[in-house]
Each structure stands twice: as structure tokens, then as C-alpha cells.
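Student: Fit chain R to the known structure of chain V by using the hints.
First to last, the protein sequences are chains V and R.
According to numbering that gives the first Met the number 0, the first sequence is numbered sequentially starting from 0.
According to numbering that gives the first Met the number 0, the second sequence is numbered sequentially starting from 0.
Have a look at the derived ranges for each label pair, beta carbon to beta carbon:
1. R:Ala382 / V:Ala212: 49 to 57 Å
2. R:Ala80 / V:Glu263: 26 to 34 Å
3. V:Glu263 / R:Glu327: 56 to 64 Å
4. V:Asp207 / R:Ser156: 53 to 61 Å
DMTMM-like mimics (lysine to aspartate or glutamate), calculated; alpha carbons at most 20 Å apart, straight line:
5. R:Lys28 / V:Glu274
6. R:Lys116 / R:Asp150
7. R:Lys346 / R:Glu327
8. R:Lys28 / V:Glu275
If you want the ones that stay clear, here's a sample from chain R, every Cβ over 10 Å from chain V, calculated:
9. Tyr25
10. Asp145
11. Ser264
12. Thr318
13. Gly331
14. Arg361
What the hints contain is simulated information worked out from the structure, not anything from laboratory work.
Just so you know, even glycine gets a beta-carbon here, dropped at the ideal spot from N, CA and C.
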Amino acid sequence: MTTSASTKGAYELSHLRALEAEAVHIFREVAAESERPVLLFSGGKDSIVMLHLAARAFWPAPPPFPVLHIDTGHNFDEVIAFRDETVAALGVRLEVGRVQDDIDAGRVVDPGPKGLRNPLQTVTLLRSIEEGRYDAAFGGARRDEEKARAKERVFSFRDEFGQWDPRNQRPELWRLYNGRHGAGEHIRVFPLSNWTELDIWQYVEEEDIALPAIYFAHQRTVIRRDDMLLAADPLIARRPGEEPFEATVRFRTVGDLTCTGCVESTAGTVAEVIEEVAATRLTERGATRADDRMSEAGMEDRKREGYF
Amino acid sequence: MPELLRFATAGSVDDGKSTLIGRLMYDTKTIFEDQLDSMEAASRARGDERTNLALLTDGLRAEREQGITIDVAYRYFATPARRFIIADTPGHIQYTRNMVTGASTADLALVLVDARKGVLEQSRRHAFLASLLGIPHLVLCVNKMDLVDGDRDVFESVKADFRDFARKLDIHDVAFLPVSALHGDNIVNRSASMSWYEGPTLLHHLEELHIASDRNLVDARFPVQYVIRPQSERHPDYRGYAGTVASGVFRPGDEVVVLPSGFTSTIAAIDGPGGSPVTDAFSPMAVTIRLADDVDVSRGDLIARVGNHPTVDQDLDATVCWLSDRGELAAGNRYTLKHTTRVVKAKVTDLVYRLDVNTLHRDQGATALGLNEIGRVRLRTQAPVLFDDYHRNRDTGSFILIDEATHATVAAGMISAGGR
Numbered sequence: 000m001t002t003s004a005s006t007k008g009a010y011e012l013s014h015l016r017a018l019e020a021e022a023v024h025i026f027r028e029v030a031a032e033s034e035r036p037v038l039l040f041s042g043g044k045d046s047i048v049m050l051h052l053a054a055r056a057f058w059p060a061p062p063p064f065p066v067l068h069i070d071t072g073h074n075f076d077e078v079i080a081f082r083d084e085t086v087a088a089l090g091v092r093l094e095v096g097r098v099q100d101d102i103d104a105g106r107v108v109d110p111g112p113k114g115l116r117n118p119l120q121t122v123t124l125l126r127s128i129e130e131g132r133y134d135a136a137f138g139g140a141r142r143d144e145e146k147a148r149a150k151e152r153v154f155s156f157r158d159e160f161g162q163w164d165p166r167n168q169r170p171e172l173w174r175l176y177n178g179r180h181g182a183g184e185h186i187r188v189f190p191l192s193n194w195t196e197l198d199i200w201q202y203v204e205e206e207d208i209a210l211p212a213i214y215f216a217h218q219r220t221v222i223r224r225d226d227m228l229l230a231a232d233p234l235i236a237r238r239p240g241e242e243p244f245e246a247t248v249r250f251r252t253v254g255d256l257t258c259t260g261c262v263e264s265t266a267g268t269v270a271e272v273i274e275e276v277a278a279t280r281l282t283e284r285g286a287t288r289a290d291d292r293m294s295e296a297g298m299e300d301r302k303r304e305g306y307f
Numbered sequence: 000m001p002e003l004l005r006f007a008t009a010g011s012v013d014d015g016k017s018t019l020i021g022r023l024m025y026d027t028k029t030i031f032e033d034q035l036d037s038m039e040a041a042s043r044a045r046g047d048e049r050t051n052l053a054l055l056t057d058g059l060r061a062e063r064e065q066g067i068t069i070d071v072a073y074r075y076f077a078t079p080a081r082r083f084i085i086a087d088t089p090g091h092i093q094y095t096r097n098m099v100t101g102a103s104t105a106d107l108a109l110v111l112v113d114a115r116k117g118v119l120e121q122s123r124r125h126a127f128l129a130s131l132l133g134i135p136h137l138v139l140c141v142n143k144m145d146l147v148d149g150d151r152d153v154f155e156s157v158k159a160d161f162r163d164f165a166r167k168l169d170i171h172d173v174a175f176l177p178v179s180a181l182h183g184d185n186i187v188n189r190s191a192s193m194s195w196y197e198g199p200t201l202l203h204h205l206e207e208l209h210i211a212s213d214r215n216l217v218d219a220r221f222p223v224q225y226v227i228r229p230q231s232e233r234h235p236d237y238r239g240y241a242g243t244v245a246s247g248v249f250r251p252g253d254e255v256v257v258l259p260s261g262f263t264s265t266i267a268a269i270d271g272p273g274g275s276p277v278t279d280a281f282s283p284m285a286v287t288i289r290l291a292d293d294v295d296v297s298r299g300d301l302i303a304r305v306g307n308h309p310t311v312d313q314d315l316d317a318t319v320c321w322l323s324d325r326g327e328l329a330a331g332n333r334y335t336l337k338h339t340t341r342v343v344k345a346k347v348t349d350l351v352y353r354l355d356v357n358t359l360h361r362d363q364g365a366t367a368l369g370l371n372e373i374g375r376v377r378l379r380t381q382a383p384v385l386f387d388d389y390h391r392n393r394d395t396g397s398f399i400l401i402d403e404a405t406h407a408t409v410a411a412g413m414i415s416a417g418g419r
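Same shape as in the complex, but just chain V (with noise of 0.2 Å):
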């Protein structure tokens, strides 16, 4: 990518070069200032976006900080090989943070089949934060997702047990993020706050940035549950009249297999899937994702108790 085709007319940047400057700015900013930062990384495309962000920000050194993954255990398995791979093409040191750990360990408990594991990872994901002595954590989040994050900062001050207070939030203003904290608070920050989806396919094309093949058309045996298409998979107990069946579908996001639903789709290459995503009609997080259909809270509720 030269200037030429990264700029329009006298001095005028895209939007989406410069969504990438915010996004090195911010990354430059908190490994300038913090001591032990680390990206939370969940093998899906946001993550991934951010990840090549921050190679790009540093180089040609590698990022200056390690990559955390929370691992619920239920995983799609093209995915954790992508992980691996990604992590181990930039040279970054990868640690896992994993949920069965806590639930080995008693602090948490297992909801077996029938329930779901995302709720739990906020207590994995605080334990490895504090065990790793991490005072900065960059997160993917966006606040076009959902309306709590809408509201959120860039640089999310998070006390000492990892709660968000909305109401007490500091002020964020011009280039100047403030991210001191006191001994055993942390911040989160979202260098990808003012992305929306179709920005991240956007720049996935103009970036040609490899993703794993199940965010494209694929056949797979699926189950239809509350209107969503949920993977056939013995990890996810089946209700009384779910008939699995054969489609063809890609999914809009990646987290936890047992939650996260697929859509119906036909687009096999990212130009395909950014028609799909200019044409359609409903959020990804409301299309796709289990865990946010709770409630009109759900979202805020997990964030103030430290989740993502």
C-alpha cells in the first residue's frame, strides 16, 4: 500500500486509512505508557483485525506485548489452528486463558450441556489478567455492536476488582487518552471503537487479511434454534424437535461454539460477504449471538462486571 492508494485528492485520507491511523495511535499510546499490555484475542475477525493493526503500528519490530485468548473449550477447530498460525507468523508470544481451569479449580461452575459457557469467561479472563499482571488489555469490541458499548471510551478504566462504572466514566477528549491507573486496576482499551462491520470487511479486502474459512459459505449440519442456525455439535444438547439438517451458511461472528449462531449465505469470498453486509438488515450480535439475545441489558450488565 502506497500513499497514492492510500489517500484521495490534496491531503485527504479515506475513512478507512483513517480509522487504521486512530487505531495505530492508540496502540503506539498505551505501549508507550503502560508496562504490561497484552491483546485479547479470540481467533475471530475482529481480533484478527486488530492484530494485524498492531503489527502494522510496530514495524518492523514485532508488537511489544503478548496475545491472551480466553478459551471456553468449546472451540471451532479451524479456528484454534488459525490462532496458532497468526501468532506464530508475527512472533508474538500466545497465552491461554482457560475456562475449564476454573471450573476444575471450583470458582466456577459448569453448566453442563444445556447452558452456556461465554458468562463464565469473564471470571477466567479477570484471573488471567491479574495472574499475568496486565495493566493494559486491548479488546476488539465496537461500539457499533451493541448500546452499551456504544457508550464505552477507548481507554476503559476498570477497578480493582475489573468493573465498569458507566456513570463514572473519565473524560475522553481530543488524541489525549489518560490511562493511569492505581496498583491492581487495569484499562481496556478498543482501538477498533469506531469500526463498524462493514469497515472491518472493507479493510480485510483492501488488506487481503486471511480469516478462518467458516466466516465464509461452507456446508454444514445445523439445528434451528429461537430463529438462529446453531451448529449440529455434540457439545450442544438437543431440544425435543430440533431436526438437524444441511445448509449452506457462514458465520458473522466467532466465539463460543455452543453460542454462536450461522446465517444462511451463499457469499464465499470477502467482496461477496461485503454485499451481504451493505445489504443487511440486522445487527450481527442480534442475528447471530446467543449470549446478547437475554436481555435488553445483557450486555451492560456483563460489562460491568468485567466481561469483554
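Tutor: Just chain R now, kept in the frame of chain V:
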């Protein structure tokens, strides 16, 4: 690829700001079906007659219960012409700090008034804050025109009132639009009931607004943010100064000076993210500058063009907005000051006056600034700060004050320099 326009909305509690944003997003087909479903369900539950578009932006449970907006919310929409970021800021008296937070990077401020009520104290305060923050463009939407039967005289009278007040402010471009957010008149679609109005719709105005020349392309300023030194086998000698261009244009071959040391050198190369070569670096590009000479440069230093320097001083005159409900700003207080990438200790040497944002009266007898109060101060910093006048350069003219005990951001400051 379209360019980005950031705008901030401000209005009083009942002037229909949330409805206007909901309308803008609904009529540009940005609201998704599941959001609409959830808004319809919530509207029914509240007993509203029609789908309440305001519910789109009322996000947190605490807000829905009280029917207010408690913090800045960011919204996104795009048209083929442009990509928009909205900072939706609440308009109540106690939340000036949120408007300052939401509007500090805005290209445009959208202020709403209720056609029946005209220009209120709050509208004046919003306009004043927009001017203080150096937002180059302002749109005054006279809303609820349906409730005054689309009367042209009402619109003209609000317009005249506001013009009168705006004359005292530093805003160069003001546009006036008669709208009805509830019915969608002049938001995205032209109004059928106000045929006398011949100006653009709000969306058209936002799409066509010329913002490229708002930036300062004259004074080359590059605050060094981070030094990249891989010391790897492949790049044993690479040493680059990473940062975001604050203003001006940098090119390879430029003669530059590093401040505050005063060393001069030449730009050997400019690397974009990922190492792409850059021929012209301008704001807001994030780049890495390599110099021809081995000079000592670190975070907090500033690279400028030889012959065009910022002011280098330990004494600052600034207008500050106090943003904290804990404590007050008074002469003698000490803070951590963050300016560009430089962090220094600072002491308030003088509170010159407190400004009444409604009357613009300067109270020289004031001894402290409380929450949401604005005043002129003098500061003394422990080390030199490299600054320009805020109205010439938003990046090198702004700072925040941080409480040394709580680490909270307690004030926003805008520097006056060069005879302003």
C-alpha cells in the same frame, strides 16, 4: 472510499435530539431490523403511540428508567458520499463535561432548539462550547416545526435570535434548518409542508460540507509518540520515530528541527503503518519518521520544520473546563498535565477569571472552578511545553489535567498563545 465526518449533537432534554438521530439513521436505512423490533417492543411497553425513534440512542438501563441520556453515545452511519461518526451528547446543565468529551474532535456541531421555545440558555451554552472547542461548523436545527404549523416567521425569528448571540462567538460557518424529526421533514427527505424553505436537507448539508481545508496544513508539527528500534537481525540499525502528524505536511528531504533540544536534521524516509513508503505525511496520518542523522530523540519531543516552531515555554495561558465533581480548581493546585505525547507536572499559578457561559461575563473575583465551570488560568510547568494557540492548532493547543492521587482526568485545557 468516502471520507469521514465527525459531528457532535447537543440539545436540551426535550428538544427531540434522540428522535432526530433516530430519524437520520432510520431514513438512511441504518437501523437494523432487530433494533427496530426492540424499539417497537419498548415503545409499546411505554404506551407510546408510535415507534419512539429516540429509544435507539437511549442505551443503558439506568437511562431508560429515568428517560435521560447520561453519557456520550457514539453512532455510525454511512451514505455513498460519506461515512459519519456521531457523538451524541446529553444537554442537561450538569453534563457540560460530556459535550466537551464528545465534541473535542468534531468537524461540526449540530445544535437543536425547539421551535416553540426558541433559543434557550442551553442552546447558547452549546453554541459557546462549540466555539470554545474550535469546532469549525455549526448547524442549528429548529426542530418541531410541525408544532408551529411550519410557520416561516417562527423559523426566521429563531434564526435572528441565534445570529445575534453567535456574533460574539468564534464560529465561522453557521447553517440554519427548519426540521421536524418526528415526521422526518428536511432530515433526509424534503419537507412537503414547508415549501418556503429552499435550502438543503440536513443529510445533504452533512454530505456536501467542505471540511478538507479546516485542517492546518501550514505548521508542520510531529509529536514523537514512540521510538521503534527492533534491533533484529533483519533490521539491526532501524531507528524510527513513530507518531501522528498534528498539522502541516512532512516529506522526505525536509529540513527539520527536534524540540526542545534544537538539533536539526533531514527526513531520510517516512514509513506508513506496515512499512509502506509515504511521500506526504499529513494529519491525521500515523507514520514513522526516520532522520538522516543520529540525534537523540524520545517520546514527548516534537519534530517541526526549520523556521516554523511552536512556542516553547513553561508558562501557559489557557481556558480550562473543570470536569470533576470531586474538588475544585484553584490557584496553587498541582496536577499532571498531558499535552500531545508529553506529560509534565503543572501548578496553577493564577485563576484569572471564571466565565459565565450564559452571559459570557468574566468574574475576576472568582477563587475556584467547580464542576462544569470554565475559566482562564495561568499554569507553570515543571518542564517546557511545545505548544501553539488552540484555535490555530487543536492538537498542539490542547491539554488535559490529571489528578495525581486518583489518576482521573479532571480538566480540559485550550492554550492561548500569540496575542490571543
